[in-house]
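Asker: If you want the building blocks of each chain, they are given just below.
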Amino acid sequence: MSKLLIDVGSTYVKVCQKSGISQYFRDFKKDIYDDLITKCGDIFSQYKKEDIFICSSANGGLSTLIIGLTNSFSLKFAKNIAFNSGINIIDTILYSKIEESKSPGELVDVVIIVGGIDGIGNVFDEKLLRYLEKVQYSNIVYVGTAQDASFLKEHLPNLTVLSNIITHKLHVNGNELKEYLTNLYQADIVGKEDIKHLYEITANQIYSTPYIVNRSLPFIDANFDVVNPFIVVDIGGATTDIHYSRDLVRDNIVSESGYDRLVFKKLGVFKSRETLIYAAKNNEFVYELLAYLNVTENILEEESEKALRILMQLSIFLVLYKVSRLNPLYVTLQLELLKTIVLTGGITKVLNYEEVEVIISFFYKKVMNVHALPNIVMDYDYAIWTLGMENTQKEEK
Amino acid sequence: MMKVVTGVVGNDIHVVANRLIDISLQARGFEVFNLGVNTSLEEFIDAVVETDADILLISSLNGEAEGWCRDLQFLRSEYELKDVTFVIGGNLAVGEAKQSDIIPKYKSYGFDLVFHQIDLNTGLDEMERYMREKQ
Ligand code: B12
Numbered sequence: 021m022s023k024l025l026i027d028v029g030s031t032y033v034k035v036c037q038k039s040g041i042s043q044y045f046r047d048f049k050k051d052i053y054d055d056l057i058t059k060c061g062d063i064f065s066q067y068k069k070e071d072i073f074i075c076s077s078a079n080g081g082l083s084t085l086i087i088g089l090t091n092s093f094s095l096k097f098a099k100n101i102a103f104n105s106g107i108n109i110i111d112t113i114l115y116s117k118i119e120e121s122k123s124p125g126e127l128v129d130v131v132i133i134v135g136g137i138d139g140i141g142n143v144f145d146e147k148l149l150r151y152l153e154k155v156q157y158s159n160i161v162y163v164g165t166a167q168d169a170s171f172l173k174e175h176l177p178n179l180t181v182l183s184n185i186i187t188h189k190l191h192v193n194g195n196e197l198k199e200y201l202t203n204l205y206q207a208d209i210v211g212k213e214d215i216k217h218l219y220e221i222t223a224n225q226i227y228s229t230p231y232i233v234n235r236s237l238p239f240i241d242a243n244f245d246v247v248n249p250f251i252v253v254d255i256g257g258a259t260t261d262i263h264y265s266r267d268l269v270r271d272n273i274v275s276e277s278g279y280d281r282l283v284f285k286k287l288g289v290f291k292s293r294e295t296l297i298y299a300a301k302n303n304e305f306v307y308e309l310l311a312y313l314n315v316t317e318n319i320l321e322e323e324s325e326k327a328l329r330i331l332m333q334l335s336i337f338l339v340l341y342k343v344s345r346l347n348p349l350y351v352t353l354q355l356e357l358l359k360t361i362v363l364t365g366g367i368t369k370v371l372n373y374e375e376v377e378v379i380i381s382f383f384y385k386k387v388m389n390v391h392a393l394p395n396i397v398m399d400y401d402y403a404i405w406t407l408g409m410e411n412t413q414k415e416e417k
Numbered sequence: 247m248m249k250v251v252t253g254v255v256g257n258d259i260h261v262v263a264n265r266l267i268d269i270s271l272q273a274r275g276f277e278v279f280n281l282g283v284n285t286s287l288e289e290f291i292d293a294v295v296e297t298d299a300d301i302l303l304i305s306s307l308n309g310e311a312e313g314w315c316r317d318l319q320f321l322r323s324e325y326e327l328k329d330v331t332f333v334i335g336g337n338l339a340v341g342e343a344k345q346s347d348i349i350p351k352y353k354s355y356g357f358d359l360v361f362h363q364i365d366l367n368t369g370l371d372e373m374e375r376y377m378r379e380k381q
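Protein chains in written order, with our numbering: chain A, 21 to 417; chain B, 247 to 381.
Keep in mind the hints are simulated off the structure, nothing from the lab.
One or more hints might be untrue.
Claimed, not checked - For lysine-lysine, the following BS3-like pairs were computed, each having C-alpha atoms within a straight-line distance of at most 25 Å: (1) K49/A / K216/A; (2) K38/A / K68/A; (3) K189/A / K249/B; (4) K351/B / K96/A; (5) K328/B / K147/A; (6) K173/A / K301/A; (7) K59/A / K38/A; (8) K117/A / K328/B; (9) K328/B / K189/A; (10) K301/A / K326/A; (11) K50/A / K216/A; (12) K59/A / K69/A.
Computed from a predicted model, the values in this text were never measured in an experiment.
Based on the provided sequences and hints, a complete structural model is requested.
Answerer: Here it is as structure tokens:
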């Protein structure tokens, strides 16, 4: 008996069977479960609950606030682990600046506190407690120096204490925190009215979609026409994710995982269309780019098929721009070393290869000043996601 | 046991001295956190903060330290680093330069000990003497 794989996104639902992939636009008037049953009830009835696997990005994922001692170690390591666990980072706070830091206005799913190697004490003090009084959060986890755990535990009764993510060699030790965050995601799904009913369809754990994509990366170059180092750009309705080989970054993180993920929460073509347009209008290259595509900026206000294509092209450009040297605030990838760009997600249903190539060649010529382009691979059939789903199940067994 | 953070600053890849420094410091009884070559000044400071180190020992072999180390005072003021001893050594200028120019310059950046083209063991002996007197 074969398996049924389902991805519930913010705009589409995709369903993958041996016979191929079909996809459906979400009906936002219905809750997710009813919507799925209406559209795919017949398909579900052909499979056992054990053979149905679901991942979801529909609930937007968990949000985190990270408080760390330094940029180069605590914050960098925790950010890396959080992104790779499929979690969205709302803000990061450098502990030395905590007294001047604002608290996030929204409810945070999990606060992560980190700093210091084991053996040093008194890193954290009342300043932290005072700040946390202002923050609304559901969970809080400590992954800093072991010596401060008891002080913090005493004042923060619902604190979870895990082993330090900074090793004695100043390397990253991410496994425990990653497991904790992944489990929290499960707990969160169970708590969300809309999604928890999905467990009536499947007997298996529901994962977040970016986590599944991240899991497929080590296998991509063996399964596709992809040469390392590569990036995978997943442009969806609400967010844009970029997964990249660690060979493309020069930093001090030493981790076993060869691939990292970054999320651009505000670069989606449907749900976060406004912020995408805002980012585009503020980009120094945008007018030249629009001229190059033979359109004017009025297109950004239109609601047409053509406008959607242009927005998709803009989002490819903006993502590349954000990870390039021109934008040092984000992670900088050495894009001149890049061999392959893989596009997956909703974008492959809208743009064709030529439309993608046009924009990537504009980027390489104008921003990078090089003429040789990386190889472009379009994942039209969500094969990456299928690969990730299949491998995640194998590991479960 | 005293803790030392060390490494080579900037885009400098000369690694041999860095290895020797790691070994010598360990042999002298220090606990060593070696960040290796290609290390930014901010990473050095951050490593001192994370490890609560007593000494920051920076090497520069290709001479580019002049460009990087000016920011030391600024970075240092970001944290309360009172008791840390700052040491730098290697080739501290590009091309020829006089000790009498180099030493005051790096001291003005905030280094306590400056070793321009000084043999490692001579430098480390002096550093240990300095630390004993400091205590
Ligand atoms: C090997 C070497 C290379 C190799 C490095 C391989 C590697 N991965 O390590 C290669 C070929 C890659 C290289 C490249 C370059 N190099 Co080169 N290289 C050398 C060379 C020949 C030997 C360095 C060495 O390993 N020595 C052995 C170690 C043990 O000695 P050391 O490095 O001098 O360190 C001692 C002391 O400096 C001291 N020390 C070091 N740090 C500290 C700290 C403290 C606190 C103390 C007390 C002492 C101390 O202790 C060490 C042991 O006694 C030197 C010339 C020379 N003979 O020294 C040039 C030299 C260092 N390189 C030089 C230059 C200019 C370059 C390049 C810029 C050349 C170029 N134009 O591309 C590039 C730079 C690359 C980069 N990004 O950093 C110059 C630097 C000149 C300057 N500062 O004014 C030198 C001095 C050559 C010269 N005379 O022009 N180089």
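Asker: Compare the distance between the alpha carbons of K328/B and K189/A with 25 Å, and conclude whether the hinted pair is satisfied.
Answerer: Measuring from Cα to Cα gives roughly 24 Å; hence the hint holds.
Asker: Verify the proposed pairing of K351/B with K96/A, using a straight-line Cα cut of 25 Å.
Answerer: Given pair K351/B, K96/A is violated - Cα atoms ~33 Å apart, limit 25 Å.
Asker: Can the restraint linking K59/A and K38/A be considered satisfied, given a maximum Cα separation of 25 Å?
Answerer: This hinted pair holds, its Cα atoms lying about 18 Å apart.
Asker: Quick one, are K38/A and K68/A close enough, alpha carbons at most 25 Å?
Answerer: Given pair K38/A, K68/A holds - Cα atoms ~15 Å apart, limit 25 Å.
Asker: Is the straight-line distance between the alpha-carbon of K59/A and that of K69/A 25 Å or less?
Answerer: The given pair, whose Cα atoms are some 17 Å apart, holds under the 25 Å limit.
Asker: Between the alpha carbons of K50/A and K216/A, is the straight-line distance 25 Å or under?
Answerer: holds, 15 Å
Asker: Between K173/A and K301/A, is the straight-line Cα distance small enough, at 25 Å or below?
Answerer: violated, 47 Å
Asker: For K328/B and K147/A, compute the direct alpha-carbon distance and say whether it is at most 25 Å.
Answerer: Holds. K328/B to K147/A sits at ~20 Å (cutoff 25 Å).
Asker: Is it true that the CA of K301/A sits at most 25 Å from the CA of K326/A?
Answerer: With a Cα-Cα distance of about 18 Å, the restraint between K301/A and K326/A holds, given a limit of 25 Å.
Asker: Given the proposed pairing of K49/A with K216/A, does the C-alpha separation stay at or below 25 Å?
Answerer: holds, 18 Å
Asker: Check whether the Cα positions of K117/A and K328/B lie no farther apart than 25 Å.
Answerer: holds, 17 Å
Asker: Would you mind confirming whether the straight-line C-alpha gap from K189/A to K249/B stays at or under 25 Å?
Answerer: Status holds; Cα separation ~12 Å.
The structure shown violates the earlier hints numbered 4 and 6.
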